[in-house]
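Protein chains in written order, with the working numbering: chain A, 1 to 112; chain B, 1 to 115.
Heads up, some of the hints might be wrong.
To be verified - Subject to a maximum C-alpha distance of 30 Å in a straight line, what follows is the list of computed BS3-like cross-link-like pairs (lysine-lysine):
id: 1; chain 1: A; residue 1: Lys42; chain 2: B; residue 2: Lys66
id: 2; chain 1: B; residue 1: Lys41; chain 2: B; residue 2: Lys14
id: 3; chain 1: B; residue 1: Lys41; chain 2: A; residue 2: Lys42
By construction, these hints were calculated from the structure, which means they are not laboratory data.
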Amino acid sequence: QKEVEQNSGPLSVPEGAIASLNCTYSDRGSQSFFWYRQYSGKSPELIMSIYSNGDKEDGRFTAQLNKASQYVSLLIRDSQPSDSATYLCAVTSTGGGNKLTFGTGTQLKVEL
Amino acid sequence: GAVVSQHPSWVICKSGTSVKIECRSLDFQATTMFWYRQFPKQSLMLMATSNEGSKATYEQGVEKDKFLINHASLTLSTLTVTSAHPEDSSFYICSVSPHGNTEAFFGQGTRLTVV
Numbered sequence: 001q002k003e004v005e006q007n008s009g010p011l012s013v014p015e016g017a018i019a020s021l022n023c024t025y026s027d028r029g030s031q032s033f034f035w036y037r038q039y040s041g042k043s044p045e046l047i048m049s050i051y052s053n054g055d056k057e058d059g060r061f062t063a064q065l066n067k068a069s070q071y072v073s074l075l076i077r078d079s080q081p082s083d084s085a086t087y088l089c090a091v092t093s094t095g096g097g098n099k100l101t102f103g104t105g106t107q108l109k110v111e112l
Numbered sequence: 001g002a003v004v005s006q007h008p009s010w011v012i013c014k015s016g017t018s019v020k021i022e023c024r025s026l027d028f029q030a031t032t033m034f035w036y037r038q039f040p041k042q043s044l045m046l047m048a049t050s051n052e053g054s055k056a057t058y059e060q061g062v063e064k065d066k067f068l069i070n071h072a073s074l075t076l077s078t079l080t081v082t083s084a085h086p087e088d089s090s091f092y093i094c095s096v097s098p099h100g101n102t103e104a105f106f107g108q109g110t111r112l113t114v115v
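Looking at chain B on its own, in the form it has when it is part of the complex:
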């Protein structure tokens, strides 16, 4: 498997502010990381693929200017939710797939609440 650490576990922020979520691959170098969002009682929806040293690839319907992704090193990807609004409140989870395998291993997730 792979060990993925995500921080923070939960965050509450005011509407209009920005929030940064970190995802770290602790035991291998990840050229690609994935960011998902999960609303209550719903499944995981892929938001974007984070690529080390290049631009992220966003899924259809995901605003790249609102969800800024930076993958500056082989062990760290960050997701910044800019100008957050209550409808952005969700569970954000990152994952890695080591060694080109398709098995995905997830971080602990970040519960974002925008008030």
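Okay, chain A solo, but in the shape it has when bound:
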């Protein structure tokens, strides 16, 4: 079974610090990788997408992908209390078209 693994947390960081969220996946053929933010009671919101090895930066967010290690991460710089949410890692499946497999999410708490 194709799986996406995340530490459930909660991950607590002080305001202004860097939050590091990690995700591993089992399907070596996966080509597309996404990070979603989900506030409690709300639907997921796309934060970052990454398709090739290396880093991709967008504002305070940096996604990192290492296909050889089957590992994708999200760094949040200058963390704010408004970043407190659950972050979901999602991966496309080999031969699955646009179907996404989600991890269980990491709860992030940014403390004042």
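Take the given structure of chain A and dock chain B to it, following the hints.
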């Protein structure tokens, strides 16, 4: 991105009744839409892929006769939970992936409570 509208946001129904949830793609024509279910403290689980003008494709373990999907137009897909029971209480969310891209954009979700 894509703008997806889902209705209703929440619904409470009696056990044994049916509930219809609508998912609308507001800014592009979606030949495919996806329906997910999320139980508390769990991740999103894909239930089915809704295909415009043809039958939906259901994931393993999802009862197609219980979760009826209709995708009659390029902007609207509906999910009907038939004969709902308390164990069907969950957060149902639809998504679209515009222009063949794999990025998924979600509706607001529907909180279903069956009493």
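The hints, checked one at a time:
1. A distance of roughly 25 Å separates the Cα atoms of A:Lys42 and B:Lys66; the hinted pair therefore holds under the 30 Å criterion.
2. Distance hint between B:Lys41 and B:Lys14 is fulfilled; the C-alpha atoms sit about 24 Å from each other, no more than 30 Å.
3. For the proposed pair B:Lys41 and A:Lys42, the alpha carbon gap of about 13 Å is at most 30 Å, so the pair holds.
Checked against the numbered hints given earlier, this structure breaks none of them.
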